[in-house]
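Using the supplied hints, reconstruct the complex from the two chains, each of which is provided in its own coordinate frame.
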Amino acid sequence: MGIALFRVDERLIHGQVTVAWGNELSLDRYLVVDDRLPQEDFERELFGLGVPSDASAEFVSVEDARGLLPRWTASEESAVLLTRDLDHMVRLARGGALAGLSVNLGGIHHRPGRDRVLPYLFLDSDDRQRIRALEAEGVTVTAQDLPGARATPGRKLVDD
Amino acid sequence: MSEGTAPGATGARGILVTHGNMAAGMLDATRKIAGAPADALVAVSNEGVGPEDLVRAVSDLAGDAPSVIFTDLQTGSCALAARFVCRNPAGRRVIFGVNLPMLLDFVFHRHLPLDELVERLVERGRSAIRSQTSEVGERGDRPVPR
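Protein chains in written order, with this note's numbering: chain A, 1 to 160; chain B, 161 to 306.
Isolated chain B, as found in the complex (with noise of 0.2 Å):
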């Protein structure tokens, strides 16, 4: 975690669009490990909701901040939902396959540039999945630390 932005700098809005509950539940475990202040994530579902009420509340949410729309999928209705709403992207980004590193990593950086703070989190993101089998030949002959 860095110490050097604390998770109450002012920055980008992250909006969390996802099928079910899984916005909700990254939402609470971002929160618990890093202490995200509430107005720095947000947690929509598409259950229930309809294509145009859909968009229509992202892009109420998104305002006219500097936002990030992080969806699960890279297609299907919340990512769909988060393309149009990004149709004029000036202020708003789109990541398709948010993960929990990802959005950690956003919460101590969202004061970045978008484009720097988008291509950050995606490699935040994708380097942080790993099997243990490349963990442990990543690690070589380091010696346990006593």
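Isolated chain A, as found in the complex (with noise of 0.2 Å):
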């Protein structure tokens, strides 16, 4: 079991993790890497009306998922983690951490200076780069909104 599934998403727990993966996945756990929420109360609160009340949720940052990714890969639960951005994912993949593992890129919205990838994907320069850092980790990286969708490749996301 251990973590099932890596997610960039910057609606982090919301209808497709829940409902889609979640139950594709069977999914136990919600581990919600992020150096902003641990001191956000009110907004821990409302993600944690999200999770299924069979499943459990965590919000931990960047630098103590690091040390807890050993103990969370090898638990018995089914997890998701998710990341809101690709900054935080890189930063959690940083000296190989993730290496041999997938990060599923699955809502990074609109802003200005992000050209539209896919429906649910838009990517600025920084994306891309974060994207290349990420495969440099050793990541395999793709774009996938729901389990019943096509992947499409990281190398697809990358190229301008």
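Read the hints as simulated data drawn from the structure, not as lab findings.
Warning: the hint list may mix true and false statements.
[Claimed, not checked] Some but not every residue of chain A turned toward chain B, in silico, with C-beta under 8 Å:
(1) GLU10
(2) ARG11
(3) SER56
(4) TRP72
(5) HIS109
(6) PRO119
Only a predicted model underlies this, so the values are computations on that prediction, with no experimental measurement involved.
Using N, Cα and C, we set each Cβ at its ideal position, and we do this for glycine too.
Written out as structure tokens, the structure is:
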């Protein structure tokens, strides 16, 4: 079991993750790696409302998550690890911490400077550089919003 | 449909925040049935919109006027945005699990005080969910109208 899905999604815990991926992967835990949320009681409470009643959630910083990764990956529970952006995932992956694993890009939305790559994926040059950085750490990057959707390989996402 | 309150009466603004095209579809249906004025209800989709932009969009629409925000689910990005917008709830309320009967009732009663309106809408929406089996059971031996 362990971490069944590493996902970058600005919405973190939301319908696609809990309903579609949650059922597909029988998720027990939602691990949110974020440097701000551990200090934000109100926001954690809101995100906690979206966690299915038979599952649990943890909110930890990147630094803490790097220390917890061995325990999480060895767990008998099935988990999804979520970051709100590529920056958090790249910092988590540093030093080969996620080498040999796959990261799913499931929701990076429009803002000025970002180009539409897929309906749910908008990237700017910094985002593309971070995808390359993940791949340099031995991570396989794909974009896939839902379990039944076709995965788009990272190489196609960074080609300008 | 109530005859006592015209759809054009001023009152709270309804903001539909849903996944995909649901909000636009419900808005279209509401207008076709109830003839709601343009400013009574507005539709917002989370399609391709990041969480911060969604909060900003809903907050801008709510403005300073009394507002009822309707979302499709109780959790997820739409509900999360609505909860953020209503963190300081003066003049703003959220109803999760919107349905068409609820919206139709909103059009004709949006002049009510917000808390009374919300309580009414939740009741209307809930009571409109029936099975045909229970409907027949409730009708009992009532004769067919001639």
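Hint check:
1. GLU10: holds (5 Å)
2. ARG11: It holds, given that the least Cβ distance between A/ARG11 and chain B is near 4 Å, below 8 Å.
3. SER56: violated (15 Å)
4. TRP72: With a minimum Cβ separation of about 23 Å from chain B (threshold 8 Å), the hint on A/TRP72 is violated.
5. HIS109: Hint on A/HIS109: holds, closest Cβ of chain B at ~3 Å, below 8 Å.
6. PRO119: With a minimum Cβ separation of about 6 Å from chain B (threshold 8 Å), the hint on A/PRO119 holds.
Violated hints, listed in ascending order, are 3 and 4; each of the other numbered hints is respected by the structure.
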